[in-house]
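S.K.: This is what each chain is made of:
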Amino acid sequence: SQQGEEDPQALSIQEGENATMNCSYKTSINNLQWYRQNSGRGLVHLILIRSNEREKHSGRLRVTLDTSKKSSSLLITASRAADTASYFCATTGADSWGKLQFGAGTQVVVTP
Amino acid sequence: GAVVSQHPSWVICKSGTSVKIECRSLDFQATTMFWYRQFPKQSLMLMATSNEGSKATYEQGVEKDKFLINHASLTLSTLTVTSAHPEDSSFYICSARDRDRGPYNSPLHFGNGTRLTVT
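Residue numbers (this note's numbering), protein chains in the order written: chain F, 1 to 112; chain D, 1001 to 1119.
One thing to keep in mind: the hints can contain errors.
[Stated by the list, open to error] Among the chain D residues that face chain F by a calculated CB cut under 8 Å, a handful are: (1) F1034; (2) I1093; (3) N1105; (4) P1107; (5) G1111.
[To be verified] Distance ranges between label pairs, derived from CB positions: (6) F/S68 - D/Q1060: 23 to 33 Å; (7) D/R1099 - F/T27: 17 to 27 Å; (8) F/Q14 - D/K1055: 49 to 59 Å; (9) F/V109 - D/L1068: 36 to 46 Å; (10) D/N1112 - F/V109: 18 to 28 Å; (11) F/K56 - D/G1053: 29 to 39 Å; (12) D/T1017 - F/R54: 44 to 54 Å; (13) F/K56 - D/T1017: 43 to 53 Å; (14) F/V44 - D/Q1042: 15 to 25 Å; (15) F/N18 - D/R1101: 25 to 35 Å; (16) D/P1086 - F/T67: 40 to 50 Å; (17) F/E53 - D/T1017: 40 to 50 Å; (18) D/Q1060 - F/D7: 25 to 35 Å.
[Stated by the list, open to error] Here chain F is said to cover these stretches of chain D; the calculated rule only asks that three of the stretch's residues, wherever they fall, bring their Cβ under 8 Å from a Cβ of chain F: (19) 1037-1050; (20) 1112-1119.
No lab work stands behind these hints, which were simulated from the structure alone.
C-beta: ideal position from N, C-alpha, C; glycine also.
Just chain F, same shape as in the assembly (with noise of 0.2 Å):
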């Protein structure tokens, strides 16, 4: 079952602009992962961020997360063409084998 809801579902910005999306999830979480997937291709691991951590940097994404609320959010900054792409938020919890759990996903669309 999908752990996550994301949105929006979709979005479309011009190059240069902020992109923002955001990750609501239901039970309680090891962690929380985003994810990148360019159309018919596999998933790329983003960046990781852990239940006891509220915000995480990695070059030009910032994620937040707020274990209060359940919720996680991804921004871009400064897009470029080349981050067209869905994104997905994924949680592992408890279960022994730290399998994900992926939200529905965003798709990004960024025109130069």
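Starting from the structure of chain F, add chain D where the hints point.
M.R.: Then chain D, alone, in the frame of chain F:
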């Protein structure tokens, strides 16, 4: 580093035949691999957790006799879609976790997926 190779990238088969998809971790060992299924413009649905040397654990609603998983070594897991039907047409993606990183607080590494079309 942390490359997962999935093969084939696409396959077309006739209804009733079986198809095997391979997932290999090239530069790390993976005690656990995961198989996902993805429909167009939708999220990834976890099908099963594949553990080296033991039986796979299937998610609710996934037929284990239809989707056979074998994890014979620390670098290879296979998914066999048996007696495929058109409704099995989908995008199948495998992922693996580096066993040296532990099950928590480490990312999954994904293959590039297999597009299965059953005619």
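S.K.: Next, verify each hint and record whether it holds.
M.R.: Right, here's what the structure says about each hint:
1. The beta carbon of D/F1034 comes within 6 Å of a beta carbon in chain F, closer than 8 Å, and the hint placing it at the interface holds.
2. At about 6 Å, the closest approach between the beta carbon of D/I1093 and any beta carbon in chain F falls short of 8 Å, and the interface hint on this residue holds.
3. A least Cβ separation of about 5 Å between D/N1105 and chain F falls short of the 8 Å threshold, and the interface hint therefore holds.
4. The beta carbon of D/P1107 is positioned within 8 Å of a beta carbon in chain F (closest approach about 4 Å), and the interface hint is therefore held.
5. With a cut of 8 Å, the hint placing D/G1111 at the interface with chain F holds, because the nearest CB-to-CB distance is about 5 Å.
6. Range check, F/S68 to D/Q1060: Cβ separation about 29 Å, and the 23 to 33 Å hint holds.
7. At about 25 Å, the CB distance of D/R1099 to F/T27 agrees with the hint of 17 to 27 Å.
8. Distance hint for F/Q14 and D/K1055: a CB-CB separation of about 51 Å, consistent with the stated range 49 to 59 Å.
9. Checked against the hint of 36 to 46 Å, the C-beta distance between F/V109 and D/L1068 comes to roughly 38 Å, which is consistent with it.
10. Checking the proposed 18 to 28 Å range against D/N1112 and F/V109 shows it holds: the Cβ atoms sit about 22 Å from each other.
11. At about 35 Å, the CB distance of F/K56 to D/G1053 agrees with the hint of 29 to 39 Å.
12. Distance hint check for D/T1017 and F/R54: the Cβ-Cβ separation is about 51 Å, which falls inside the suggested range of 44 to 54 Å.
13. A C-beta distance of roughly 46 Å is found between F/K56 and D/T1017, which places it inside the suggested range of 43 to 53 Å.
14. For F/V44 and D/Q1042, the hinted distance range of 15 to 25 Å is satisfied, since their beta carbons lie about 18 Å from each other.
15. At about 31 Å, the CB distance of F/N18 to D/R1101 agrees with the hint of 25 to 35 Å.
16. Evaluation of the 40 to 50 Å hint for D/P1086 and F/T67 yields a pass: the beta carbon distance comes to about 43 Å.
17. Here the CB-CB span from F/E53 to D/T1017 is close to 48 Å, well matched to the stated 40 to 50 Å.
18. Against the hinted window of 25 to 35 Å, the Cβ-Cβ separation of D/Q1060 and F/D7 comes to about 26 Å, which satisfies the hint.
19. Interface restraint, the segment 1037-1050 of chain D with chain F: holds (7 residues with C-beta to C-beta distance below 8 Å; minimum three).
20. Counting residues of the segment 1112-1119 of chain D whose C-beta lies closer than 8 Å to any C-beta of chain F gives 3; at least three are required, and the coverage claim holds.
Hint violations for this structure: none, all hints satisfied.
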